[in-house]
Amino acid sequence: MEIELKRDMVDCWKDCFDDLHILKPNLKMIENIQERAMLHLLTHEEEEWGNLERRTKNKYRDKLKNIASIDLTDLMKISLRGNENQLQKQIDFWLN
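Position 27 of the sequence shown, counting from 1, maps to 33 under our numbering, and the rest follow consecutively.
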């Protein structure tokens, strides 16, 4: 996985996963075929999220969280903490 930090995120990179959710949803849990198809589209074509109204985005985001069988967010946070010194050195190198 690659993460790109832009603008002021370089200064607060240690918090970059605070609002991030890395989920593996189980779409078969959704009985409604239209909702399942929409979630499949949204998980495979990220740019489609931009075509949704805010409340609709929230609806499907919540559904994805509820059907996620695996949440990798905590694992990513642990990995980030484990590589903190190395990442800070790389950021310092590029900023200087």
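Keep in mind that a hint or two might mislead.
[To be verified] For lysine-lysine, the following DSS-like pairs were computed, each having C-alpha atoms within a straight-line distance of at most 30 Å: (1) Lys63 to Lys83; (2) Lys95 to Lys83; (3) Lys83 to Lys30; (4) Lys83 to Lys34; (5) Lys63 to Lys95; (6) Lys69 to Lys30; (7) Lys95 to Lys69; (8) Lys95 to Lys71.
[To be verified] Ranges of calculated distance between the beta carbons of each label pair, as one might list FRET restraints: (9) Ala43 to Trp100: 39 to 49 Å; (10) Glu41 to Trp100: 36 to 46 Å; (11) Glu51 to Leu81: 40 to 50 Å.
Since the hints were derived computationally from the structure, they do not count as laboratory data. Here the structure is a predicted model, which means the values were calculated and not measured. C-beta: ideal position from N, C-alpha, C; glycine also.
Verification of the supplied hints:
1. Lys63 to Lys83: holds, 25 Å
2. Lys95 to Lys83: OK: Lys95 and Lys83 at ~18 Å, within 30 Å.
3. Lys83 to Lys30: holds, 16 Å
4. Lys83 to Lys34: holds, 28 Å
5. Lys63 to Lys95: Not OK: Lys63 and Lys95 at ~37 Å, beyond 30 Å, violated.
6. Lys69 to Lys30: holds, 12 Å
7. Lys95 to Lys69: violated, 39 Å
8. Lys95 to Lys71: violated, 34 Å
9. Ala43 to Trp100: 39 to 49 Å: About 43 Å separates the Cβ atoms of Ala43 and Trp100, which means 39 to 49 Å holds.
10. Glu41 to Trp100: 36 to 46 Å: For Glu41 and Trp100 the Cβ distance comes to about 43 Å; the hint holds.
11. Glu51 to Leu81: 40 to 50 Å: violated, 25 Å
Hint check: violations occur at hints 5, 7, 8, 11; the rest are consistent with the structure.
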